[in-house]
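*Asks:* Given next are the chains, with one letter for each unit.
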Amino acid sequence: MRKLALSDDILLKVDKPARYIGNEVNAVMKDKDAVDIRFAFVFPDVYEIGMSHLGIQILYDMLNRRDDIWCERVYSPWTDLDQIMREKEIPLFALESQDPIKDFDFIGITIQYEMCYTNILQVLDLAQVPLFAKDRTEEHPIVIGGGPCTYNPEPLADFFDIFYIGEGETVFYDLMDRYKEWKASGKSKQEFLEMAAEIPGLYVPAFYDVTYHEDGTIASFEPNNEHAKRVIEKQMVLDVTNTYYPEKPVVPFIKATQDRVVLEIQRGCIRGCRFCQAGMLYRPTRERDVEMLKEYAYKMLKNTGHEEISLSSLSSSDYSQLEELVTFLIEEFKGKGINISLPSLRIDAFSLDVMSKVQDIRKSSLTFAPEAGSQRLRDVINKGLTEEIILEGAGQAFEGGWNRVKLYFMLGLPTETEEDMKDIARLADKVARRYYEIPKDQRNGKCQIVASTSFFIPKPFTPFQWATMLNREDYIEKANIVNHEMKAQLNHKSLKYNWHEADVTILEGVFARGDRRVGKALLEAYKLGCIYDSWGEHFRYDLWMQAFENTGLDVAFYNLRERDLDEILPWDFINIGVTKKFLQREWKNALEGKVTPNCRMQCAGCGAAIFGGGVCFEGKN
Amino acid sequence: MKARIKFRKFGAMKFIGHLDVMRFFQKVMRRADIPIAFTGGFSPHMIMSFANPLGVGVTSDGEYFDIELTEEIDMGAAVECMNQTMVEGIEVVNMVPISDDKKRTGMSIVAAADYLSNVKNDAFPENWKEKAAGFMEQEQILIVKKTKKSEKEVDIKPMIYKFEIRENGVYMQVATGSVENLKPEVVMQALGQYLGADLEEASFVHHRLEVYALAEIGKSKEFVSLDKVW
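The listed protein sequences derive, respectively, from chains A and B.
Residue numbering for the first sequence is 1 to 621, as defined by this note's numbering.
Residue numbering for the second sequence is 622 to 851, as defined by this note's numbering.
One chain only, chain A, in its complex shape (with noise of 0.2 Å):
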């Protein structure tokens, strides 16, 4: 039987043991002896958290068809068993084999969140690994980080060897090839991380110099190795059905985040809201195959046993067989007891019938997202969802039994007014309004709508990554003008107003366009005790803020100013597809209020068409 790092004590003492165990259904175990590489996957967050990660489970799969390769899973020990491991020394180890980590050939972290920073510290820390990239030798394991915030991964440069730019499914078998012969060779640390320089989509930090004007900005950022790019590609998968999936997700003990069988069903997004990361980094728009789907959803709920089955992507509705999929998906499963999940989708007659298939109505709630409250604003950032479409959607959905409504917002989107702030008020009360035009013989009770509003932070390689952000004060007063709205409006007593805590935003924005030098500040909160910066119990703002006045850094050089064009910004070395000049062009769209189409109503020329595939070629086939 296998032996567990973990003595029986520690197991019996710490909160929910399941996380420490491995032995999941499904998870991969094989012969250390008989594979080349130990690949330890690290989500640098809690066990539950980090199972309900899609792209953990599709590269495990990918890493573990090989036979030479054995990739494992490591998260963050909780607080408690944090301490305890700090106090025996015990190194942190992967679950499926148990080993320390520390004796593996790659450390290969997923950076999904900016607040999960001080968690690679503690991580790397716990496995007994120097923290900096350039303390490591040959007998440590190669660091290489992955995930959406690598898109700007200065601000860990320090402590990470490699980076992988983009969509992990096309030249990790690659990196593994060249790492098994440099193994082989016996050469040097140096060797290896130039040959590995040389693939497409991987950034080795080291072997770049970043120099810096009086007043703070860069003014250059400059290969110092001969095997370095100047300019590092992002990766992308063009075919997204014939990949890499898991037919076999592991299956968590305890209750996961996302505890289901998950499809993802697209990748990218023809919206163009230029607020979102998200929408321009996975350009172009790429469907999966309606027919691989309904495979994989029969695969994968046998082999896991899971009784839920959801959809994942970008704007759910955009995908061109939405309704035959989840048409399939009710009438394969639903009586066999499978719940069927839904992504938030456009309101309009196919999702209320969809959702009243799935769904208990008295229970569930209608979302949308126009994100600003005025029209005016909604044109800055592109959201295409007008008053109209809300009002329409609520109304058919108020006729068909629904009472509840969830609208999110964001506060602090460039221009806004205070006319802005109070038309998310506004706008919420229009939808009640709409229900209670419904005669009372014929409604179900009050309805209750729900406004949420988070800050708006700028983000790399989207239209919005010139714009200011705003001190902690001028955030709360923006909640607060909206809740003072909220009370003024006819149907008060129907809404409620929700808002974020301003604090984590701060931090959020100086690591989301942070330099190299921010890892100062990030290495002193870890060491002011910083962790698990995204768990409200644990977020210490007092202790980040001292952090930056130890290191003798400005949060308003990073948040506070509007930068010029013509800057260097510290991601400008890598190639997402979409244009610099085409997200300045939005930008200059967004301060005149012009709106742009979507992908597939008009190309807008951003660029991602140099990829030769998704949406910018649908049809042309």
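A hint or two may mislead.
Said to hold, decoys possible - Derived Cβ-Cβ restraints for the label pairs, each shown as a range: (1) A:H492 to B:F659: 41 to 49 Å; (2) B:M622 to A:K13: 38 to 46 Å; (3) A:H500 to B:A698: 53 to 61 Å; (4) A:S310 to B:L835: 28 to 36 Å; (5) B:K849 to A:F328: 42 to 50 Å; (6) A:S364 to B:A698: 36 to 44 Å; (7) A:K334 to B:K767: 43 to 51 Å; (8) B:S771 to A:S365: 43 to 51 Å.
Keep in mind the hints are simulated off the structure, nothing from the lab.
Cβ atoms here follow ideal geometry from the backbone N, Cα and C, with glycine treated the same way.
With the hints as your guide, set chain B onto chain A.
*Replies:* Okay, now just chain B, sitting in the frame of chain A:
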């Protein structure tokens, strides 16, 4: 029709709590294509009831749950199917048809269970086995039972049906179920107290051997393991 499934829980699986084991077996039912019945309503769930929850950290050779089937199946084949999609640490031992009588579900008929409890460290005095012989000779075995509001003394001796010293630990048969329920750790604590051991230091490992119902056989009542009563 109804069926009772007996399984073992060992190794790392002892860290999986009762609710998660239930969820685990719901998924086993689907993976093994067991034609299990569902309740009605908008969110139907499987008709499945577990006999007696096992604490986290405890292993077992005799765990049970009852399910309702929509059709007759070959139970031997079903056991094989289930074990093919299993993990290390859970093993289905058998599956038997049981009466459709609602009152006779595993949950309600459990009356006793056997345990092996071992002392994990040397918290007990060296000659504890000799001294322990007198444990059951006491007139009463009093323990303090703490509830939210009060503390009261309870005599657990009537709930201990068998008690033997075996190798490095204790074999016991104790009252289990919805009427009376005695946990093995309570017995071991009482034993430790009797031996004058430092209970702060003591740690035990418990293993459940079997779960019984009280069955009428002729004129007498006997404990019969759950897979033998239907």
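*Asks:* Against each hint, give a clear statement of whether it holds in the structure.
*Replies:* A quick look at each hint next to the structure:
1. Judged by the Cβ atoms, the range 41 to 49 Å given for H492 (chain A) and F659 (chain B) holds: they are separated by roughly 43 Å.
2. Distance hint check for M622 (chain B) and K13 (chain A): the Cβ-Cβ separation is about 44 Å, which falls inside the suggested range of 38 to 46 Å.
3. In this structure the supplied range 53 to 61 Å holds for H500 (chain A) paired with A698 (chain B), their Cβ-Cβ distance being about 54 Å.
4. Checking the proposed 28 to 36 Å range against S310 (chain A) and L835 (chain B) shows it is violated: the Cβ atoms sit about 47 Å from each other.
5. Between K849 (chain B) and F328 (chain A) the beta carbon distance is about 46 Å. The supplied range of 42 to 50 Å therefore holds.
6. At about 40 Å, the CB distance of S364 (chain A) to A698 (chain B) agrees with the hint of 36 to 44 Å.
7. About 48 Å separates the C-beta atoms of K334 (chain A) and K767 (chain B), a value consistent with the hinted range of 43 to 51 Å.
8. Between S771 (chain B) and S365 (chain A) the C-beta distance comes to about 45 Å, which sits within the given range of 43 to 51 Å.
Figure legend: structure checked against the earlier numbered hints; the only hint not met is number 4.
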